[in-house]
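S.K.: This is what each chain is made of:
Number of protein chains: 4
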Amino acid sequence: MKLSIDDITHRLEASPFNSWLGLEPLALEPQLVLRLPARPLYEGRPHSNILHGGIVASLVDVACTMAIIARTGGTVATIDLSLDFLRPARIGPLIATVEVLRQGKTLATTQTRITDEQDDLIAIGRCALKLIET
Amino acid sequence: MKLSIDDITHRLEASPFNSWLGLEPLALEPQLVLRLPARPLYEGRPHSNILHGGIVASLVDVACTMAIIARTGGTVATIDLSLDFLRPARIGPLIATVEVLRQGKTLATTQTRITDEQDDLIAIGRCALKLIET
Amino acid sequence: MKLSIDDITHRLEASPFNSWLGLEPLALEPQLVLRLPARPLYEGRPHSNILHGGIVASLVDVACTMAIIARTGGTVATIDLSLDFLRPARIGPLIATVEVLRQGKTLATTQTRITDEQDDLIAIGRCALKLIET
Amino acid sequence: MKLSIDDITHRLEASPFNSWLGLEPLALEPQLVLRLPARPLYEGRPHSNILHGGIVASLVDVACTMAIIARTGGTVATIDLSLDFLRPARIGPLIATVEVLRQGKTLATTQTRITDEQDDLIAIGRCALKLIET
Chain W
1157 MKLSIDDITH RLEASPFNSW LGLEPLALEP QLVLRLPARP LYEGRPHSNI LHGGIVASLV
1217 DVACTMAIIA RTGGTVATID LSLDFLRPAR IGPLIATVEV LRQGKTLATT QTRITDEQDD
1277 LIAIGRCALK LIET
Chain C
1157 MKLSIDDITH RLEASPFNSW LGLEPLALEP QLVLRLPARP LYEGRPHSNI LHGGIVASLV
1217 DVACTMAIIA RTGGTVATID LSLDFLRPAR IGPLIATVEV LRQGKTLATT QTRITDEQDD
1277 LIAIGRCALK LIET
Chain D
1157 MKLSIDDITH RLEASPFNSW LGLEPLALEP QLVLRLPARP LYEGRPHSNI LHGGIVASLV
1217 DVACTMAIIA RTGGTVATID LSLDFLRPAR IGPLIATVEV LRQGKTLATT QTRITDEQDD
1277 LIAIGRCALK LIET
Chain Z
1157 MKLSIDDITH RLEASPFNSW LGLEPLALEP QLVLRLPARP LYEGRPHSNI LHGGIVASLV
1217 DVACTMAIIA RTGGTVATID LSLDFLRPAR IGPLIATVEV LRQGKTLATT QTRITDEQDD
1277 LIAIGRCALK LIET
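Chains as they are written, first to last, in the numbering used here: chain W, 1157 to 1290; chain C, 1157 to 1290; chain D, 1157 to 1290; chain Z, 1157 to 1290.
In isolation and in its complexed conformation, chain W is listed as follows (with noise of 0.2 Å):
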């Protein structure tokens, strides 16, 4: 690992959106696990206490390049994503539990688990990622 725990803190902080989501690094090793806090803003369709598929969408994508980026230190651009969404995911914190599948020079792909706080399987989602050296 490049990056420590913290180091990957002040990254989340220092990005606008990601700050604003409020996400949290819980740990680093063997698998990165980011938490997403539970806010009303969050909901899709009105009164369904429901989470917005952008919002899951989004711990993805940080979660996703944030794996690679931690070993690295350096600099990802999601080439792409896909999300299967499992269960509706009810308004709630949700843990994102990464996999790193291949790492190589150039590309790595890499695949997020979503589970809420009973733990189960919300959403599950991949990105292939470009790496950007700085």
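Keep in mind that the hints were calculated from the coordinates and are not lab data. Do not rely on the hints blindly, as some may be mistaken.
[To be verified] To be clear about the criterion: a stretch of chain W counts as covered by chain C if any three or more of its residues have a C-beta under 8 Å from a C-beta of chain C, and this derived list gives those stretches: (1) 1170-1183; (2) 1198-1209; (3) 1232-1238.
[As the list claims (entries may be wrong)] Pulled from the structure, derived: some chain D residues nowhere near chain Z, Cβ distances all over 12 Å: (4) P1186; (5) R1227; (6) P1249; (7) G1260; (8) K1261; (9) R1269; (10) D1272; (11) D1276.
[Claimed, not checked] Straight-line alpha carbon distances no greater than 20 Å define the calculated EDC-like cross-link-like pairs of lysine to aspartate or glutamate that follow: (12) W/K1286 to Z/E1289; (13) Z/K1158 to Z/E1255; (14) Z/K1158 to Z/E1169; (15) D/K1261 to W/D1276; (16) Z/K1158 to Z/E1185; (17) Z/K1261 to W/E1289; (18) W/K1261 to D/D1276; (19) Z/K1158 to Z/E1289; (20) D/K1261 to C/E1289; (21) Z/K1286 to W/E1289; (22) C/K1286 to D/E1289; (23) D/K1286 to D/E1255; (24) C/K1158 to C/E1169; (25) C/K1261 to Z/D1276; (26) C/K1261 to D/E1289; (27) Z/K1261 to C/D1276; (28) W/K1261 to Z/E1289; (29) C/K1158 to C/E1180; (30) D/K1286 to C/E1289; (31) Z/K1158 to Z/E1180; (32) C/K1261 to C/E1289.
Beta carbons: idealized from backbone N, C-alpha and C, even for Gly.
We have chain W already, so just place chains C, D and Z on it with the hints.
M.R.: For chains C, D and Z alone, coordinates are given in the frame of chain W:
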């Protein structure tokens, strides 16, 4: 069409996160067109002047689902979403234009093209949707 | 499980393209495991010794759908498929292992990991499926 | 274009699996168009008269990659593929038409629409590609 462009405006404003995003419908036929405003808070990597991937994903999710909601007047749930990032999305307004690829009784597939103010294609996303009667 | 491993063998043999592929079930529980034999005809780029991506995609599609068919005894239709190629698949037998991420009354999502004889992860794919009563 | 339509024919014939599939290029500009012949062996579920999803995926993979190969004369590797099945593909010839969404120095994204003889849209697929110098 079951909904008018005013109905879509009201639906977007009633949703906490869609309202926060500031989404605005520009056209309904022949294709639904939504506009996302430019805001510094949407930035991802600090000082990059590039939109967070989750903001682009949120726009795709809303556009893909709203195109079907406009036709049925009902509700939809996103089964899955795939999103290809084609060019960095500089901070600035984005336009989402939706193509309905298939609409059945219980399932639909829609595709959204995201362009910037120069009409450059920034991203393309597809959603599989479950239609829910209300 | 509604089907036995013998039932799966018969279903695979009854399908013209699955039979041609030479697919063979190795296990049914706790996860469905299928084996694809090695054949020179599966090569993609000439003289590359690498399997055609379509062969890997075929294996993912069959594995993802058969895992649900084994549980329901019915029929399924693939709504969509996403597939990440992680390492070049050299000509040789491949093993597909399926995880059922979600199974509802009308929809399911399954994920298949493709490994080679050295147990290296070659590809990972997900399918959204529509369950059809028969 | 670095390749002619005859070059593409030769490349397809030199590949064991592409040759077996019987793929034929119909046009190169403004978009690459490939034709897959109808064969009973391409059937998936027995007596369904419906093409195997893996056959459709194979056609998407070849079309998406060949569109870039035709422009560069080099080689490409598929990073990932996503494919939405919109209508059942009855046994019959299929036409694949490719749109190059982005072509950079090292990466490209292409999208393939699969239509049947009635010009109905059967499936749509996208590939992220890595360009390899040769």
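S.K.: Would you mind marking each hint as holding or not holding in the structure?
M.R.: Consistency of the hints with the structure:
By the rule of at least three residues with a Cβ nearer than 8 Å to a Cβ of chain C, the coverage given for the stretch 1170-1183 of chain W holds, with 7 such residues. With 7 residues bearing a CB less than 8 Å from a CB of chain C, the stretch 1198-1209 of chain W meets the requirement of three and the coverage assertion stands. Using a Cβ-Cβ cut-off of 8 Å, 6 residues of the stretch 1232-1238 of chain W lie near chain C, which meets the minimum of three, so the contact claim holds. With a cut of 12 Å on Cβ distances, D/P1186 stays outside the contact zone with chain Z, its closest approach being about 25 Å.
Listed as outside the interface, D/R1227 is consistent with that label: its C-beta sits roughly 17 Å from the nearest C-beta of chain Z, beyond the 12 Å cut-off. For D/P1249, the condition that its CB be more than 12 Å from all CB atoms of chain Z holds, with the nearest at approximately 16 Å. Distance check on D/G1260: its Cβ is at least 19 Å (rounded) from any Cβ of chain Z, clearing the 12 Å threshold; non-interface status holds. At roughly 20 Å from the closest C-beta of chain Z, the C-beta of D/K1261 stays outside 12 Å, upholding its exclusion from the interface.
No beta-carbon of chain Z is positioned within 12 Å of the beta-carbon of D/R1269; the least distance is around 15 Å. No beta-carbon of chain Z is positioned within 12 Å of the beta-carbon of D/D1272; the least distance is around 17 Å. The claim that D/D1276 is not at the interface with chain Z holds, since no C-beta of that chain comes within 12 Å of its own (minimum 16 Å). With a C-alpha separation of about 18 Å, the suggested pairing of W/K1286 with Z/E1289 holds against the 20 Å cut-off.
For the given pair, Z/K1158 sits about 17 Å from Z/E1255 by alpha-carbon distance, which is consistent with the 20 Å threshold. Note on Z/K1158 and Z/E1169: the hinted pairing holds, with a Cα-Cα distance of about 18 Å set against a maximum of 20 Å. Pair hint D/K1261 plus W/D1276 holds up; C-alpha atoms about 18 Å apart against a cutoff of 20 Å. Under the criterion of a C-alpha separation no larger than 20 Å, the hint pairing Z/K1158 with Z/E1185 is consistent with the structure, at around 12 Å.
A hinted pair counts as satisfied when its Cα atoms are at most 20 Å apart, and Z/K1261 with W/E1289 qualifies at roughly 16 Å. Using a Cα cut-off of 20 Å, the hinted pair W/K1261 and D/D1276 holds, with the two alpha carbons roughly 18 Å apart. Taking the CA atoms of Z/K1158 and Z/E1289, the gap is about 13 Å. The hint holds against a cut of 20 Å. Only pairs whose Cα atoms come within 20 Å are accepted, and D/K1261 paired with C/E1289 is accepted, the gap being roughly 16 Å.
Of the pairs offered as hints, the one joining Z/K1286 and W/E1289 holds, with about 18 Å between alpha carbons and a cut-off of 20 Å not exceeded. Annotation: proposed proximity of C/K1286 to D/E1289 holds, straight-line Cα distance about 18 Å (limit 20 Å). A C-alpha spacing of about 17 Å is found between D/K1286 and D/E1255, which places the hinted pair at or below 20 Å, so the restraint holds. Simply put, C/K1158 and C/E1169 have alpha-carbon atoms about 18 Å apart, close enough for the 20 Å limit, and the pair holds.
A hinted pair counts as satisfied when its Cα atoms are at most 20 Å apart, and C/K1261 with Z/D1276 qualifies at roughly 18 Å. As the CA atoms of C/K1261 and D/E1289 are separated by approximately 16 Å, the hinted pair is consistent with the 20 Å bound. Between Z/K1261 and C/D1276, the direct Cα distance comes to roughly 18 Å. Compliance with the 20 Å bound is thereby established for this hinted pair. This hinted pair checks out: W/K1261 and Z/E1289 have alpha carbons roughly 16 Å apart, not beyond 20 Å.
Under the criterion of a C-alpha separation no larger than 20 Å, the hint pairing C/K1158 with C/E1180 is consistent with the structure, at around 18 Å. Note on D/K1286 and C/E1289: the hinted pairing holds, with a Cα-Cα distance of about 18 Å set against a maximum of 20 Å. For the given pair, Z/K1158 sits about 18 Å from Z/E1180 by alpha-carbon distance, which is consistent with the 20 Å threshold. A C-alpha spacing of about 10 Å is found between C/K1261 and C/E1289, which places the hinted pair at or below 20 Å, so the restraint holds.
Of the numbered hints stated above, none is contradicted by the structure.
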